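Going line by line, the protein sequences match chains E and Z.
Going by our numbering, the first sequence wraps up at 214, each residue one higher than the last.
Going by our numbering, the second sequence wraps up at 430, each residue one higher than the last.
Don't read these hints as lab results, they were simulated from the structure.
Given the structure is predicted, the values throughout are model-derived calculations rather than measurements.
Be careful, since some hints might not be right.
[As the list claims (entries may be wrong)] With a Cα cut of at most 16 Å, we get these calculated EDC-like pairs of lysine to aspartate or glutamate:
id, chain 1, residue 1, chain 2, residue 2
1, Z, K269, Z, E132
2, Z, K160, Z, E137
3, Z, K399, E, D101
4, E, K111, Z, E366
5, Z, K353, Z, E329
6, Z, K420, Z, D29
7, Z, K269, Z, E111
8, E, K97, Z, D46
9, Z, K159, Z, E137
10, Z, K159, Z, D138
11, E, K209, E, D152
12, Z, K190, Z, E137
13, Z, K420, Z, E339
14, Z, K159, Z, E132
15, Z, K43, Z, D376
16, E, K97, Z, D45
17, E, K102, Z, E427
18, E, K102, Z, D376
19, E, K209, E, D179
20, Z, K399, Z, E347
21, Z, K426, E, D101
[Said to hold, decoys possible] Computed from the model, here is a short list of chain E residues facing chain Z with C-beta under 8 Å:
id, residue
22, W99
23, Q100
24, Y103
25, R104
26, V119
27, S132
28, D152
29, R154
30, V156
31, N199
C-beta atoms are modelled at their ideal positions from N, C-alpha and C, and glycine is treated no differently.
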Amino acid sequence: MNSPLIPLAAQVESQPEAQCFSPLDSKVAQAVDAIQTAKNWQDKYRQIMLVGKALPKLYDVFKQEHAQVKGCESQAWLYHKVIDGQHYFCADSDSRIVKGLIAILLHATHSKTTAEIKSFDLNMFFEQLGLSGQLSPSRTNGLTALANAIKQFAAN
Amino acid sequence: MTVPVDTVLNNDAFDHQAIRSQFPILDQKFDDNPLCYLDTAATSQKPTRVINAMMEYYQQDNANVHRAAHQLSARATINYEHVRSQVQQFINAAQTEEVIFTHGTTESINMVAAGLTEQLKPEDIILVDSAAHHANLVPWQQLAKKTGAIVKAIPLNQQLSIDITAYDALLALKPKLVAISHVTNAVGSVNDVCQLVEMANKSGALTLVDGAQAVAHIEVDVQQINCDFYVFSAHKMYGPTGVGILYGRYVELDKLEPLLTGGEMIKSVSFEATTFGSLPNKLEAGTPAISAVIGLGAAINFINELPKTALIAYEQNLLVYLQKELQNLGDIELIGASKHNIGVVAFNLAQEHHQDVGILLDQQGIAVRCGHHCAMPLMQILNIKGCCRASLGVYTNKQDIDLFIKALRSVKELLL
Numbered sequence: 059m060n061s062p063l064i065p066l067a068a069q070v071e072s073q074p075e076a077q078c079f080s081p082l083d084s085k086v087a088q089a090v091d092a093i094q095t096a097k098n099w100q101d102k103y104r105q106i107m108l109v110g111k112a113l114p115k116l117y118d119v120f121k122q123e124h125a126q127v128k129g130c131e132s133q134a135w136l137y138h139k140v141i142d143g144q145h146y147f148c149a150d151s152d153s154r155i156v157k158g159l160i161a162i163l164l165h166a167t168h169s170k171t172t173a174e175i176k177s178f179d180l181n182m183f184f185e186q187l188g189l190s191g192q193l194s195p196s197r198t199n200g201l202t203a204l205a206n207a208i209k210q211f212a213a214n
Numbered sequence: 015m016t017v018p019v020d021t022v023l024n025n026d027a028f029d030h031q032a033i034r035s036q037f038p039i040l041d042q043k044f045d046d047n048p049l050c051y052l053d054t055a056a057t058s059q060k061p062t063r064v065i066n067a068m069m070e071y072y073q074q075d076n077a078n079v080h081r082a083a084h085q086l087s088a089r090a091t092i093n094y095e096h097v098r099s100q101v102q103q104f105i106n107a108a109q110t111e112e113v114i115f116t117h118g119t120t121e122s123i124n125m126v127a128a129g130l131t132e133q134l135k136p137e138d139i140i141l142v143d144s145a146a147h148h149a150n151l152v153p154w155q156q157l158a159k160k161t162g163a164i165v166k167a168i169p170l171n172q173q174l175s176i177d178i179t180a181y182d183a184l185l186a187l188k189p190k191l192v193a194i195s196h197v198t199n200a201v202g203s204v205n206d207v208c209q210l211v212e213m214a215n216k217s218g219a220l221t222l223v224d225g226a227q228a229v230a231h232i233e234v235d236v237q238q239i240n241c242d243f244y245v246f247s248a249h250k251m252y253g254p255t256g257v258g259i260l261y262g263r264y265v266e267l268d269k270l271e272p273l274l275t276g277g278e279m280i281k282s283v284s285f286e287a288t289t290f291g292s293l294p295n296k297l298e299a300g301t302p303a304i305s306a307v308i309g310l311g312a313a314i315n316f317i318n319e320l321p322k323t324a325l326i327a328y329e330q331n332l333l334v335y336l337q338k339e340l341q342n343l344g345d346i347e348l349i350g351a352s353k354h355n356i357g358v359v360a361f362n363l364a365q366e367h368h369q370d371v372g373i374l375l376d377q378q379g380i381a382v383r384c385g386h387h388c389a390m391p392l393m394q395i396l397n398i399k400g401c402c403r404a405s406l407g408v409y410t411n412k413q414d415i416d417l418f419i420k421a422l423r424s425v426k427e428l429l430l
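Can you make the complete structure from the sequences, with help from the hints?
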């Protein structure tokens with residue numbers, strides 16, 4: 059998987075401002091809990107897609123190449139902004155499952171401080187959710203690239 | 015022409031289970047699901063004899079080749095060169111020197127493209143199959159960049175093989191080179207390479223045929239095709255990764271400037287000047303992938319021993335069965351599907367993202383490829399971002415197809 063190439067210039071001011079750069083919908087947290095207790099793979103993936111739906115949709119105008127996370131077979135875009143020392147992210151994907159996985163990732167990192175994001179252990183988090191299979195470097199969903207991009211934003 | 019699938023799949027002409035049992039990797043489970051490997055077009059599985067041949071080389075014969083001051087090296091060299099003869103016979107090349115071992119199809123094409131640099135001039139035209147794998151497009155673009163030549167796409171017909179009328183019109187431009195696929199990587203459409211090469215020969219163009227997706231499924235005779243270059247990889251024909259073939263007509267191969275220099279390819283070296291040796295060594299710089307070549311030899315033996323006619327009919331019927339089952343499932347768009355296709359069925363499930371389908375199939379132990387299949391220009395022509403591709407091998411059986419369809423039904427229930 060390639061390293062993410064997300065210029066800081068990718069930060070935007072308009073749409074994401076209202077919709078994305080505020081705390082996540084409570085449905086996200088509920089769906090993440092439901093993933094953990096899902097009885098079978100169908101339930102798990104149904105919840106993953108539901109959690110994706112709870113994430114704001116990025117307007118087409120923001121589906122810009124410079125905001126694309128490299129390493130995804132599907133397309134995924136990521137924007138970032140710091141407000142009062144907290145990191146806010148705005149992300150979308152054209153794959154429903156990848157969008158769901160992004161939502162799970164944001165559940166752990168969105169509106170968190172630099173220190174919190176730095177100490178976030180993606181592997182452990184996804185393992186707890188029974189989704190560690192989604193993290194191998196050969197996976198085309200680009201989740202590791204997205205997580206690295208989030209960490210990189212928080213580090214700068 | 016198609017025999018009912020059950021007849022063929024239970025044919026006495028060959029014992030399919032005996033063939034399948036030679037592939038130890040297939041005997042495993044993912045959670046409770048048996049592995050269903052439908053990604054042979056990406057890489058085929060390897061029979062035990064190929065794995066053993068490579069192991070035996072390391073255990074008994076390991077030495078560098080063509081440096082025979084001792085018996086081990088002599089033995090390694092004999093075995094290595096024996097595989098060159100096997101390849102020559104396998105594709106019916108006129109002489110062993112026309113068989114060059116490379117790292118794979120991609121390196122073979124790069125070797126030809128780089129080797130032609132001196133032979134091309136600005137405005138020369140290179141025609142490339144629109145359905146070509148990136149490996150059969152990007153090296154030509156790089157060559158064009160270096161020489162000022164122009165790459166032009168050969169349009170496709172409804173079946174996603176080369177459109178003969180459009181091709182004929184492009185040949186009137188007197189291209190220097192024509193690069194085409196024998197069987198396309200992404201959708202499995204077949205080109206009539208004999209006809210296409212004959213037309214190119216008449217126009218005076220050199221021809222390169224990418225046979226990576228063909229050699230494991232049909233018999234290939236490079237003299238009958240009459241192309242200048244034919245390229246393929248061992249790993250797509252039940253052999254190991256790391257070795258491929260560049261076949262070339264001796265006179266054309268000999269004109270290529272070596273892509274890599276050094277090692278056994280030289281004739282004499284001084285600080286003033288270096289001269290290169292003759293084919294095939296001239297194009298095989300450095301230490302080759304010896305164990306992989308030995309594995310390729312075992313893979314050729316494996317293929318040669320298969321009951322060819324029965325097997326071709328078997329694979330073809332399995333493919334038609336797969337196409338039919340997909341259509342019966344509903345909400346499936348088959349891409350470039352025809353009963354003449356080879357080894358591959360490409361499809362999309364309604365408007366769903368191909369990656370979502372792939373992830374959900376994987377949950378059920380089904381291995382298929384989902385993406386643009388390294389054929390982005392083709393995806394642009396089709397106006398899709400990508401698709402799913404199920405591909406067959408000698409070990410694939412009806413149960414694999416049935417498992418796949420059942421899994422796809424679950425995916426459909428979840429997504430639609």
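Now for the hints, and whether the structure bears them out:
1. Z:K269 <-> Z:E132: Measuring from Cα to Cα gives roughly 10 Å; hence the hint holds.
2. Z:K160 <-> Z:E137: holds (12 Å)
3. Z:K399 <-> E:D101: Judged against 16 Å, a Cα distance of about 27 Å means the pair is violated.
4. E:K111 <-> Z:E366: holds (15 Å)
5. Z:K353 <-> Z:E329: holds (11 Å)
6. Z:K420 <-> Z:D29: Cα-Cα ~26 Å, so violated.
7. Z:K269 <-> Z:E111: holds (13 Å)
8. E:K97 <-> Z:D46: holds (15 Å)
9. Z:K159 <-> Z:E137: holds (11 Å)
10. Z:K159 <-> Z:D138: holds (12 Å)
11. E:K209 <-> E:D152: Not satisfied, since the Cα-Cα distance of roughly 22 Å exceeds 16 Å.
12. Z:K190 <-> Z:E137: holds (10 Å)
13. Z:K420 <-> Z:E339: holds (10 Å)
14. Z:K159 <-> Z:E132: holds (13 Å)
15. Z:K43 <-> Z:D376: Distance ~12 Å between Z:K43 and Z:D376 Cα, so the pair holds.
16. E:K97 <-> Z:D45: With a Cα-Cα distance of about 14 Å, the restraint between E:K97 and Z:D45 holds, given a limit of 16 Å.
17. E:K102 <-> Z:E427: The given pair, whose Cα atoms are some 14 Å apart, holds under the 16 Å limit.
18. E:K102 <-> Z:D376: Judged against 16 Å, a Cα distance of about 14 Å means the pair holds.
19. E:K209 <-> E:D179: Holds, at roughly 11 Å.
20. Z:K399 <-> Z:E347: Between Z:K399 and Z:E347 the Cα gap is close to 14 Å, so the pair holds against 16 Å.
21. Z:K426 <-> E:D101: holds (14 Å)
22. W99: Because about 4 Å separates E:W99 from the closest Cβ in chain Z, which is inside the 8 Å limit, the hint holds.
23. Q100: holds (6 Å)
24. Y103: holds (6 Å)
25. R104: holds (7 Å)
26. V119: violated (19 Å)
27. S132: It holds, given that the least Cβ distance between E:S132 and chain Z is near 5 Å, below 8 Å.
28. D152: holds (6 Å)
29. R154: holds (5 Å)
30. V156: holds (7 Å)
31. N199: Holds - the Cβ of E:N199 comes within 8 Å of chain Z, reaching about 7 Å at its closest.
The structure fails hints 3, 6, 11 and 26 (numbered hints given earlier, in ascending order).
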